[in-house]
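**Q** Mind docking chains S, R and C on chain P? Use the hints.
There are 4 protein chains.
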Amino acid sequence: MASTEDQVVATTTNNDHLVQSDDPEHPANLIPELCRKFYNWGWVTGTGGGTSIRHGDHIFIAPSGVQKELMKSENIFVLQWPTKKYPAEERNYIRRPLKLNPSACTPLFLTAFENGAGCCIHTHSQWAVLVTLLVEREKGPDACFEISTIEQIKGIPRGKGKGMLGYYDTLSIPIIENTAFEEDLTSGLEAAMKKYPDTYAVLVRRHGIYVWGDNVAKAKTQCESLDYLFQLAVEMHKLGLPWVK
Amino acid sequence: MASTEDQVVATTTNNDHLVQSDDPEHPANLIPELCRKFYNWGWVTGTGGGTSIRHGDHIFIAPSGVQKELMKSENIFVLQWPTKKYPAEERNYIRRPLKLNPSACTPLFLTAFENGAGCCIHTHSQWAVLVTLLVEREKGPDACFEISTIEQIKGIPRGKGKGMLGYYDTLSIPIIENTAFEEDLTSGLEAAMKKYPDTYAVLVRRHGIYVWGDNVAKAKTQCESLDYLFQLAVEMHKLGLPWVK
Amino acid sequence: MASTEDQVVATTTNNDHLVQSDDPEHPANLIPELCRKFYNWGWVTGTGGGTSIRHGDHIFIAPSGVQKELMKSENIFVLQWPTKKYPAEERNYIRRPLKLNPSACTPLFLTAFENGAGCCIHTHSQWAVLVTLLVEREKGPDACFEISTIEQIKGIPRGKGKGMLGYYDTLSIPIIENTAFEEDLTSGLEAAMKKYPDTYAVLVRRHGIYVWGDNVAKAKTQCESLDYLFQLAVEMHKLGLPWVK
Amino acid sequence: MASTEDQVVATTTNNDHLVQSDDPEHPANLIPELCRKFYNWGWVTGTGGGTSIRHGDHIFIAPSGVQKELMKSENIFVLQWPTKKYPAEERNYIRRPLKLNPSACTPLFLTAFENGAGCCIHTHSQWAVLVTLLVEREKGPDACFEISTIEQIKGIPRGKGKGMLGYYDTLSIPIIENTAFEEDLTSGLEAAMKKYPDTYAVLVRRHGIYVWGDNVAKAKTQCESLDYLFQLAVEMHKLGLPWVK
Numbered sequence: 001m002a003s004t005e006d007q008v009v010a011t012t013t014n015n016d017h018l019v020q021s022d023d024p025e026h027p028a029n030l031i032p033e034l035c036r037k038f039y040n041w042g043w044v045t046g047t048g049g050g051t052s053i054r055h056g057d058h059i060f061i062a063p064s065g066v067q068k069e070l071m072k073s074e075n076i077f078v079l080q081w082p083t084k085k086y087p088a089e090e091r092n093y094i095r096r097p098l099k100l101n102p103s104a105c106t107p108l109f110l111t112a113f114e115n116g117a118g119c120c121i122h123t124h125s126q127w128a129v130l131v132t133l134l135v136e137r138e139k140g141p142d143a144c145f146e147i148s149t150i151e152q153i154k155g156i157p158r159g160k161g162k163g164m165l166g167y168y169d170t171l172s173i174p175i176i177e178n179t180a181f182e183e184d185l186t187s188g189l190e191a192a193m194k195k196y197p198d199t200y201a202v203l204v205r206r207h208g209i210y211v212w213g214d215n216v217a218k219a220k221t222q223c224e225s226l227d228y229l230f231q232l233a234v235e236m237h238k239l240g241l242p243w244v245k
Numbered sequence: 001m002a003s004t005e006d007q008v009v010a011t012t013t014n015n016d017h018l019v020q021s022d023d024p025e026h027p028a029n030l031i032p033e034l035c036r037k038f039y040n041w042g043w044v045t046g047t048g049g050g051t052s053i054r055h056g057d058h059i060f061i062a063p064s065g066v067q068k069e070l071m072k073s074e075n076i077f078v079l080q081w082p083t084k085k086y087p088a089e090e091r092n093y094i095r096r097p098l099k100l101n102p103s104a105c106t107p108l109f110l111t112a113f114e115n116g117a118g119c120c121i122h123t124h125s126q127w128a129v130l131v132t133l134l135v136e137r138e139k140g141p142d143a144c145f146e147i148s149t150i151e152q153i154k155g156i157p158r159g160k161g162k163g164m165l166g167y168y169d170t171l172s173i174p175i176i177e178n179t180a181f182e183e184d185l186t187s188g189l190e191a192a193m194k195k196y197p198d199t200y201a202v203l204v205r206r207h208g209i210y211v212w213g214d215n216v217a218k219a220k221t222q223c224e225s226l227d228y229l230f231q232l233a234v235e236m237h238k239l240g241l242p243w244v245k
Numbered sequence: 001m002a003s004t005e006d007q008v009v010a011t012t013t014n015n016d017h018l019v020q021s022d023d024p025e026h027p028a029n030l031i032p033e034l035c036r037k038f039y040n041w042g043w044v045t046g047t048g049g050g051t052s053i054r055h056g057d058h059i060f061i062a063p064s065g066v067q068k069e070l071m072k073s074e075n076i077f078v079l080q081w082p083t084k085k086y087p088a089e090e091r092n093y094i095r096r097p098l099k100l101n102p103s104a105c106t107p108l109f110l111t112a113f114e115n116g117a118g119c120c121i122h123t124h125s126q127w128a129v130l131v132t133l134l135v136e137r138e139k140g141p142d143a144c145f146e147i148s149t150i151e152q153i154k155g156i157p158r159g160k161g162k163g164m165l166g167y168y169d170t171l172s173i174p175i176i177e178n179t180a181f182e183e184d185l186t187s188g189l190e191a192a193m194k195k196y197p198d199t200y201a202v203l204v205r206r207h208g209i210y211v212w213g214d215n216v217a218k219a220k221t222q223c224e225s226l227d228y229l230f231q232l233a234v235e236m237h238k239l240g241l242p243w244v245k
Numbered sequence: 001m002a003s004t005e006d007q008v009v010a011t012t013t014n015n016d017h018l019v020q021s022d023d024p025e026h027p028a029n030l031i032p033e034l035c036r037k038f039y040n041w042g043w044v045t046g047t048g049g050g051t052s053i054r055h056g057d058h059i060f061i062a063p064s065g066v067q068k069e070l071m072k073s074e075n076i077f078v079l080q081w082p083t084k085k086y087p088a089e090e091r092n093y094i095r096r097p098l099k100l101n102p103s104a105c106t107p108l109f110l111t112a113f114e115n116g117a118g119c120c121i122h123t124h125s126q127w128a129v130l131v132t133l134l135v136e137r138e139k140g141p142d143a144c145f146e147i148s149t150i151e152q153i154k155g156i157p158r159g160k161g162k163g164m165l166g167y168y169d170t171l172s173i174p175i176i177e178n179t180a181f182e183e184d185l186t187s188g189l190e191a192a193m194k195k196y197p198d199t200y201a202v203l204v205r206r207h208g209i210y211v212w213g214d215n216v217a218k219a220k221t222q223c224e225s226l227d228y229l230f231q232l233a234v235e236m237h238k239l240g241l242p243w244v245k
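Protein chains in written order, with UniProt numbering: chain P, 1 to 245; chain S, 1 to 245; chain R, 1 to 245; chain C, 1 to 245.
No incorrect hints appear here.
Note that identical chains are pooled: a pair holds if it fits in a single copy or bridges any two copies.
Below, simulated DSS-like cross-link-like pairs (lysine-lysine); rule was C-alpha separation at most 25 Å, straight line:
id, residue 1, residue 2
1, 238, 139
2, 37, 72
3, 99, 85
4, 139, 245
5, 162, 99
6, 195, 160
7, 99, 160
8, 84, 195
9, 195, 139
Hints were generated in silico from the structure; no laboratory data involved.
Pulled out of the complex, with its shape left as it was, chain P reads as follows (with noise of 0.2 Å):
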């Protein structure tokens, strides 16, 4: 492993260009950007949350650990597209800056890209925390969360190729267990990706959400929506106002 490492560290050095562009849509300069913008919402508080974005067939990924509002297009690791989930040692890494620890998303960040995202938004936002409680107290373990008849709700597609949903449908996400170790996560977000082939994120337990979309733009503005959603939803449920008419 302590070879890979070197050869990981030898590329570095000679792929800077991968994440060095004066274009403010380039991925590198749109990472940081966007992670700012996270910060701001409270959806990446104390290094949580990472964002990844796919770009022909390299993957940019914001590193774990950093001060998502401090980060630099530097600090942005670059995968060959396509590449190896497991084991992490063997993923094809094209850039891997010195000192940064890839993020522990990213396999649930490449079965988003799997799947055929174009980016995928990782958050702990507290208003998905507030939700997934309340749907496993009123609902059991196996509810997903539902929403009905608010507007925003047409935020969020129907599906692939089906689009979006209108105001009389039911948005349902689903919602999976947490595990103790982020990457754990795959496994579970494969499946509910499995059960429920229309959705466009997953909420897990006690931790978060996961958003993806088929450009920035989309996982962004569908990241936005689903947390409106939330904290509607959880403002909602102190009224004593019920989510699906």
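**A** Same frame as chain P, now just chains S, R and C:
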């Protein structure tokens, strides 16, 4: 319809000057600036909501489906005033940006302009959504939102040319039912404006609010005052405090 | 009265230098900067609220009815100190911007300056409004807001020249009833200041708060500490925690 | 004591270079930047709270009683490490800005540094205050704040050199009683650190929290993670959800 589209595209290229100005008070500069503010207040989350300004015989409208905090002047649609509300393809667009869709709020904005407004704002504020749900449960589907004897009420006009509400007045905001398609709210909005000719805002159940004003500053500050009152009302309800003294 | 107006207009043109300074600590620069902050805290939503600073024998006052976050130095009124409170048209304005109205808070600010203040802030904070309603319901219309044994109480003075409150002290803020016109609050404010000579703030039921201090920094930080305590008190009430130990 | 003061003043003039650096990572630049962030989170409202960084054998400390979001590098005190905690006038200040007072948090920061910390943060977060009140009422005056099986717990160390807490661990934060004077919290803090040698934070009832870390990034992100957990805990309590599974 294809030919209409082609014509629009042609027109677009010709009329970029309509949204190019060094004046920060120009509608094409104000709309992006307002949308950035509204994004930070949580009013236009996930591409929701919208804004439109009438400037002489030009109507400037934020496009559909864009991240509101990233909107640029060049993304703005311009209509020649007056124009048809329906059918959409006969509206008199004099600038229609390529690759963007006109806002589904357009006929609602036009309704406000027919009524003399200089600016119309549509938000998905959660406080607005929550008061529509609380009013429905507490007072029934036909009731307005009502609040009295709160200083901020003075920020809302008593009606066109009638000055502002006083502290001892009761503010009433009509609530209309949501529809599957945003455009289909137009007749409900028109009916509410006919029934409540003094109102400068209409709530939409489970959706948000439309607020207008004689000019941009009035529309924006009235929208802020209403949102303040909705948030206060929700907190008052949680604390068991009645809205009308 | 028309001639007074003409005179004011004439004066205005002559005295622009009163609000032009490169010093960020100059009142004409501080007031817009403070108002931007207050806007972001939700204290001056929709043109509500206001701020005034006494600098030597000049009183600088934010105008009425402007968007507080957009205010500029050139929008600021200047009064020669001392000046009459009533009638308004006999106040000694030495700068009165064209097209703007003087703040209806003016006589209240002048009351604070008569009392030795160097700065006075008026907010419509929702937390302030909510505590006035909770105090009325729980303790009656004549009761003060009271809270004890919270560290942040130390941010409020015990009285002029008496140092700050201690942790074991009880903070008392008088509450006066609102009136139809802001100016008419003046006698209530004067009465409360006579009855509670040590107070640096007076709550106004269903309206907000007036907070003053020996200088700008003290007025602002005292206003922040009070708002912190009001927000905490509302949350404590929701959780069934008493305000006074 | 007067002569000590004179000496300090003299020293001050000589050592401005200690707080002058172009490096944004220099403590004299980091402290103002952190304080601006903490102000926006509501952690240092009204001059409350504070921050200190140990850099080699220099301790940098934010001054007492300043508006934290306006603090400048030149306002920062510097102590030579090691130094006495008591009496205050024998502390080894090598830079003491004129007209400013040293932070009353100083002996508490020094306690954290004695314990190996590289940075210590003190906030008046309302969420921290509320959990100290809820713990007291629900579990008594000697109980710690405890929460389990929430992902964000992983942002808190298990103890010096013991790695981070796991998802299935229970986080315990000791709570000490507040005192009339901030300095007098020191013995309580020392006792709590002796009793809970693995803790990186101590809550102060009705006051706030002290959080430290091996370096600035760790102290800040641990403080964020704790605040996230306190806010979540308060919301869980409102919703009737238990903190420990």
